[in-house]
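Trainee: Sequence:
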Amino acid sequence: MSHAHSFHVSKDNKSSVHLKWDNSLAPTLTVDSGAEVSFDLLDGGYNQFTATSTAADVPNFQLALGDPAIGPVFINGAEPGDVLKVEFLDLKTAEFGWTAVFPSTLGFGLLHEEFPDPALKIWDLKTHASEGYTVFKEGIHVPIHPFLGVVGLAREEVGEFSTIPPYETGGNIDCRHITTGSTLYLPIKVKGALFSCGDGHAAQGDGEVCGTAIECQMKASVRLTVVKDKKYLKTPHYQTTPEHSVNQAKLTGKGEYVILGIDKDLREASRKALRGAIDWLEAEKGLTREEGYMLCSVCADLRISEIVDMPHYAVSCAVPLSVFVGAPYV
Numbered sequence: 001m002s003h004a005h006s007f008h009v010s011k012d013n014k015s016s017v018h019l020k021w022d023n024s025l026a027p028t029l030t031v032d033s034g035a036e037v038s039f040d041l042l043d044g045g046y047n048q049f050t051a052t053s054t055a056a057d058v059p060n061f062q063l064a065l066g067d068p069a070i071g072p073v074f075i076n077g078a079e080p081g082d083v084l085k086v087e088f089l090d091l092k093t094a095e096f097g098w099t100a101v102f103p104s105t106l107g108f109g110l111l112h113e114e115f116p117d118p119a120l121k122i123w124d125l126k127t128h129a130s131e132g133y134t135v136f137k138e139g140i141h142v143p144i145h146p147f148l149g150v151v152g153l154a155r156e157e158v159g160e161f162s163t164i165p166p167y168e169t170g171g172n173i174d175c176r177h178i179t180t181g182s183t184l185y186l187p188i189k190v191k192g193a194l195f196s197c198g199d200g201h202a203a204q205g206d207g208e209v210c211g212t213a214i215e216c217q218m219k220a221s222v223r224l225t226v227v228k229d230k231k232y233l234k235t236p237h238y239q240t241t242p243e244h245s246v247n248q249a250k251l252t253g254k255g256e257y258v259i260l261g262i263d264k265d266l267r268e269a270s271r272k273a274l275r276g277a278i279d280w281l282e283a284e285k286g287l288t289r290e291e292g293y294m295l296c297s298v299c300a301d302l303r304i305s306e307i308v309d310m311p312h313y314a315v316s317c318a319v320p321l322s323v324f325v326g327a328p329y330v
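Taking our numbering, the leading residue of the sequence shown gets 1, the next gets one more, and so forth.
Each statement offered as a hint is correct.
Calculated pairs, DSSO-like style, for lysine-lysine (alpha carbon to alpha carbon, straight line, at most 27 Å): (1) Lys189 to Lys11; (2) Lys250 to Lys92; (3) Lys219 to Lys126; (4) Lys85 to Lys219; (5) Lys250 to Lys219.
I should point out that these hints are in silico values taken from the structure, not numbers from a laboratory.
Taking the hints into account, I'd like the entire structure generated from these sequences.
Mentor: Structure (structure tokens):
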């Protein structure tokens with residue numbers, strides 16, 4: 001069995017960066033089952049924004065470069081029908097991150113047509129990192145909770161598949177609960193599994209509603225282990241730790257303000273819930289609508305509250321009150 005940090009994949013190795021899932025890609029690294037591998041990752045925008053970027057730079061963003069993955073890693077002994085166990089050992093953010101509202105013409109974000117103008121928030125991830133938060137604006141602190149948006153394996157089908165959507169083999173699953181200490185299980189479809197990852201996030205709400213989280217470059221370490229005899233596993237499964245639950249309890253420790261969206265269409269119910277949260281943040285907290293949209297994307301949670309009482313669905317958008325730490329917000 002390989003030892004900790006005995007393998008490393010760098011973003012500077014251009015051949016390891018890919019924007020498509022393709023089972024014909026040559027492995028950038030080959031390891032045995034149980035190996036620990038560290039990755040030096042680009043952010044979800046291929047590092048197109050810098051710490052000095054502004055909203056004026058957003059229209060120049062190339063969406064075609066979104067969600068770059070680093071890899072693939074070939075795991076010896078991995079065969080179709082097996083499962084890859086991915087243990088997240090360490091996740092370290094860069095010193096800055098960003099959240100963007102893209103022009104509505106891109107069709108990106110749950111309410112994209114209501115936010116026609118570009119916006120960009122650059123986050124300082126260094127100054128208060130030891131205290132576990134980053135500042136949205138004075139009086140509003142967002143807990144830093146790193147995870148990877150893109151974690152996945154090559155698909156069985158021949159050809160190229162975008163890294164932007166999620167698949168049954170993983171990919172851009174954007175699941176904020178899969179953080180340090182968590183374990184992800186992925187169904188293997190090709191020999192060697194061909195594991196890749198990327199798209200570091202410093203924080204995100206369930207839903208990533210404006211289309212971006214706190215996007216950042218990241219250093220990640222994972223353990224990759226082939227598991228046999230889990231034939232029931234057809235899609236990504238994950239397991240969290242008690243520490244994750246404690247962090248969630250801290251985030252919601254002051255309660256939540258929750259808006260319900262009701263509609264016969266699940267997506268439209270989600271839009272109504274989000275729109276209501278932005279209305280509340282504007283009316284009660286004095287945020288601009290763009291600020292409310294971005295704040296919901298990085299810390300508010302969309303949840304299916306009710307799905308059986310047809311013909312209507314109920315979706316909630318929950319804003320954690322713990323992010324409001326000072327005047328004029330408390």
